[in-house]
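2 protein chains.
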Amino acid sequence: MSLFQKHEASLKQAIQALHARTFYAAFPENPSPATYGETADADGQAKFKSRIGQKFDELKQPNPEGWAGQEESPYLQEALKITYPIFSVPTLVGRASRAFDTWRKVNAKDRAGILMESLDRVKGRFFEIAYATMHTTGQGYMMAFQASGPHAADRALEAIASGYEELNRFPSSAIWEKPMGKYNLQLHKEWRAVPKGISTVIGCSTFPTWNSVTGIYGSLVTGNPVIVKPHPGAILPIAIVVAEIQKVLAENNFDTNICQLGVDTFDKMITKELAEHPDVKLIDFTGNSLFGSYLEALPGKTVFTEKTGVNSVILDSAEDIDKVAANIAFSVNLYSGQMCTAPQNFFIPESGIDTPSGKVSFDQFAQKFVDNLNSLVDNPKAGPFVLGAVQSKKTSERVLESEKLGKVWLKSRSFENPMFKKARLATPVVVEVDASKKEIFSKELFGPIALLIKTKNTDQSISLAKEMALTHGAISCGAYTTNPTTKEKIADEMSLASTPVSFNLTGGIYMNQNAAFSDYHVTGGNPSGNASFTNPDYVTKRFTWVGHREPVKV
Amino acid sequence: MSLFQKHEASLKQAIQALHARTFYAAFPENPSPATYGETADADGQAKFKSRIGQKFDELKQPNPEGWAGQEESPYLQEALKITYPIFSVPTLVGRASRAFDTWRKVNAKDRAGILMESLDRVKGRFFEIAYATMHTTGQGYMMAFQASGPHAADRALEAIASGYEELNRFPSSAIWEKPMGKYNLQLHKEWRAVPKGISTVIGCSTFPTWNSVTGIYGSLVTGNPVIVKPHPGAILPIAIVVAEIQKVLAENNFDTNICQLGVDTFDKMITKELAEHPDVKLIDFTGNSLFGSYLEALPGKTVFTEKTGVNSVILDSAEDIDKVAANIAFSVNLYSGQMCTAPQNFFIPESGIDTPSGKVSFDQFAQKFVDNLNSLVDNPKAGPFVLGAVQSKKTSERVLESEKLGKVWLKSRSFENPMFKKARLATPVVVEVDASKKEIFSKELFGPIALLIKTKNTDQSISLAKEMALTHGAISCGAYTTNPTTKEKIADEMSLASTPVSFNLTGGIYMNQNAAFSDYHVTGGNPSGNASFTNPDYVTKRFTWVGHREPVKV
Chain S
1 MSLFQKHEAS LKQAIQALHA RTFYAAFPEN PSPATYGETA DADGQAKFKS RIGQKFDELK
61 QPNPEGWAGQ EESPYLQEAL KITYPIFSVP TLVGRASRAF DTWRKVNAKD RAGILMESLD
121 RVKGRFFEIA YATMHTTGQG YMMAFQASGP HAADRALEAI ASGYEELNRF PSSAIWEKPM
181 GKYNLQLHKE WRAVPKGIST VIGCSTFPTW NSVTGIYGSL VTGNPVIVKP HPGAILPIAI
241 VVAEIQKVLA ENNFDTNICQ LGVDTFDKMI TKELAEHPDV KLIDFTGNSL FGSYLEALPG
301 KTVFTEKTGV NSVILDSAED IDKVAANIAF SVNLYSGQMC TAPQNFFIPE SGIDTPSGKV
361 SFDQFAQKFV DNLNSLVDNP KAGPFVLGAV QSKKTSERVL ESEKLGKVWL KSRSFENPMF
421 KKARLATPVV VEVDASKKEI FSKELFGPIA LLIKTKNTDQ SISLAKEMAL THGAISCGAY
481 TTNPTTKEKI ADEMSLASTP VSFNLTGGIY MNQNAAFSDY HVTGGNPSGN ASFTNPDYVT
541 KRFTWVGHRE PVKV
Chain X
1 MSLFQKHEAS LKQAIQALHA RTFYAAFPEN PSPATYGETA DADGQAKFKS RIGQKFDELK
61 QPNPEGWAGQ EESPYLQEAL KITYPIFSVP TLVGRASRAF DTWRKVNAKD RAGILMESLD
121 RVKGRFFEIA YATMHTTGQG YMMAFQASGP HAADRALEAI ASGYEELNRF PSSAIWEKPM
181 GKYNLQLHKE WRAVPKGIST VIGCSTFPTW NSVTGIYGSL VTGNPVIVKP HPGAILPIAI
241 VVAEIQKVLA ENNFDTNICQ LGVDTFDKMI TKELAEHPDV KLIDFTGNSL FGSYLEALPG
301 KTVFTEKTGV NSVILDSAED IDKVAANIAF SVNLYSGQMC TAPQNFFIPE SGIDTPSGKV
361 SFDQFAQKFV DNLNSLVDNP KAGPFVLGAV QSKKTSERVL ESEKLGKVWL KSRSFENPMF
421 KKARLATPVV VEVDASKKEI FSKELFGPIA LLIKTKNTDQ SISLAKEMAL THGAISCGAY
481 TTNPTTKEKI ADEMSLASTP VSFNLTGGIY MNQNAAFSDY HVTGGNPSGN ASFTNPDYVT
541 KRFTWVGHRE PVKV
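Quick note, the sequences are listed as chains S and X, same order.
Last residue of the first sequence: 554 (the working numbering), numbering continuous.
Last residue of the second sequence: 554 (the working numbering), numbering continuous.
No lab work stands behind these hints: they were computed from the structure.
Be aware that one or more of the hints could be misleading.
A pair holds if it fits inside one copy or across any two, identical chains being indistinguishable in the list.
To be verified - Capping the alpha-carbon separation at 30 Å, the derived lysine-lysine pairs in DSSO-like fashion look like this: (1) 487 to 109; (2) 368 to 182; (3) 422 to 60; (4) 541 to 272.
Okay, chain S solo, but in the shape it has when bound:
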């Protein structure tokens, strides 16, 4: 049985899920022993611990030109001292070029089979990846498991499914027979989905697998060799994924350079050299807007970016204002505001928020919000796990800086993570800003920073949220309103700014969350990024349809 046959049913289910857009998850998100095995968690943790201070020797990339690695755990605030093989850009690109001629000629079924198999192997390492993610990104355990494990694998599967479907959407050949009066003209036509060439996937420090696997699997399924360039601060999680892909390639007698890991260090970054190399045709990037925009402007490249955004919450009216405050407080606390979908700007009318029991004033709501933030932080059974740790020192500095922006409703403060006494922590800061001070809220303040912006009314709130999205980008938007007219106005105006809106979320669902097979992540229509996974463009732009034809011999 070929790998394709082994995985064919799962692939077809995934393709169906792409079109149904209802709930679908191929990889269970609950890290329960019942699902993953009694010792899976402990084994994964032990495996992670055993790597500290060691060479990562799982990659099938011969003759490294050096070994290096500068990852640091935000929980321990010390270096992991794991080292990875280092290769120069010419070496990486040269090997990828040779691999291209093999991989592009492998048919879509075999490519999909190999990639599906690699995800199955990665599934066996979800816990190890989870601990690797915690100790590079600072994510809490549950997020680290889910985002880097099953949710990332679902996103990767989505990219395989979408790529496979697009490659098979049109016939690979046809007989074209044109009536010419006295005879019929017959041409044999064939169409090839020609991969664009070497793909490089540039990772970020906060979601090292979730944000990279779609590009990796999207490029691979469409026949492009991939060079994965992780963020120097978060290598291990994606290194494990690349190692598993390489193992499946090797077992099936393919060149392992079809998917390479290209590690660099903070003092000698290779990203620009790699991106600008003439043989690199595809670039996937998650990170800051400045570098993302530079990549987008490189001539002759097909570039997919997720950059930064200024995410808004529009507060107009609500049935249960306490549930609203609790929900958005959770969204801000979650991973200390370090998600690209975390809300930053909360637009509240100066006259307050309508509720069934009358207006809740701006100040009353601000206090409810602050109270909910505090009670979650101070809950020892929840706070440390929800907030996690802060990936970068710069974020901690930014949090303190932000207290100068306006009236401070809540200062960032310290609290104790009982498991990690040395963790880099930051609780949210809440600042009140007037709507007139646009310069303050017109940029992303990455981290646990919430701005309560006092507007004249909901129309101004909508107008500002739309303007922020159009000019600075937005990946998510929250809105609370019980008025159908206002709701449609928000839906319509934010649509024009290509920003998805989560309406009236309360309880166990948050605007930060984006589900594979249902929520397109980033729309590609505003400055927060030029691509969306996984919509058809995300994979069709990785290859070109080329048609050849010839008369049928009679």
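Chain S is already provided as a structure; the job is to place chain X on it using the hints.
Showing chain X alone in chain S's frame:
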């Protein structure tokens, strides 16, 4: 019955044809009285003649800021003196902005219905459009009828069908229900296909409808208002199409500014101002590479280009070399080499071309080619109609210039078009160039210019054809070989240069021809253009999927 219902069956057939990629034509290409009516041709010609020296007053665009028009007939070499309403860019864009809010809210069915109806109306004016095309572009009668009439309408239908399918490919709403253990979390999700905004379609002087209608209909079906900016030398054919769209819009009580004509003159071109306007989000362009590349680099725009290419013919071996010479001679004569798909560089091994009766030497083949060119030109029943006239004086000058490029096998010369004694004519020039003189054949020499390039062998021919395509672009490629290994090598190498290859064409089919619903026109993968009609990208890039969600009330 709604317009959608009226045209639903045709639309579904067209969508099926998109996927079958066999022969399909909704509009008959034969201008026979049996199909189009006994008086259709004469009526069309009369209608065209009656326009000369008049105002084109069919457009429903009130309050023109002036009237102008500088079209000239290549057959008469005199001005047509037809004038069109002139509007400033702010007026055009302001009107389009207001029309956007209406049109984007019209559902896909109603949009498709209106657009399908407009094509039916255009069908009634094919002959008038044919004469308008002859007397602006210089095309022969048959090409003018087919390319500007039925073939263009088929391409427009293809864009409608593709857009309609993409808009309906994913559900517009779904209930997302996630099992959470003790309860199910239910979200109502909806997805909107949000049109990008104002679209401008910039026409060319040689194919004023064929190259513009895909962009016009592709943008309109996906909800974007369109400003059509024709080439100042070829306005009338597309003005008639726009007038028909506006009539159908008006009859159905829509703002006629949903599709506007924005005419300019050679001395006051508005193209740059229009393209750079911040509210213009979509740009379709056919024309020279310099301007096309400038448009592609404009920030914040989605741009679709068809620029120039250097099209090659690779001559390796053939069963019947005389049929080969006849076929490619026709391709060069057709519309005096003014098609974007016309061949220019003919790569021939110095040792000659293999045939069943032995080698045909370079010189023998060159002579056969020249003889075939001459015999077609000198055939009074075919020559004038196949060659047509030369659109631009610059092309005539280039033809004369090209005689200095190498050994001249055939000089361009005059011949008589009995119907149009004053026509601007140019028969092909044939020049021999050595493969080492790359600077000569590394650029498009637009017009009836054929370079016979002497190569070491077929491998060098392939390598040069590929290099030309990769570095200067190519829209078509011809190849003649009876060797299956060589054939696959050409197919593979030219695929990597994103260039479609027509193999071993003889008889009544030519490499210049691209059929709707089967041949993707331009691949988008080399410098000859960044888009391909009509593949899915061609329409999906005109809108953004935006998803909103809200908990289901329990």
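Checklist entry - Hint by hint, which ones does this structure get wrong, listed from lowest number up? => result Hint check: 3 fails alone, others pass.
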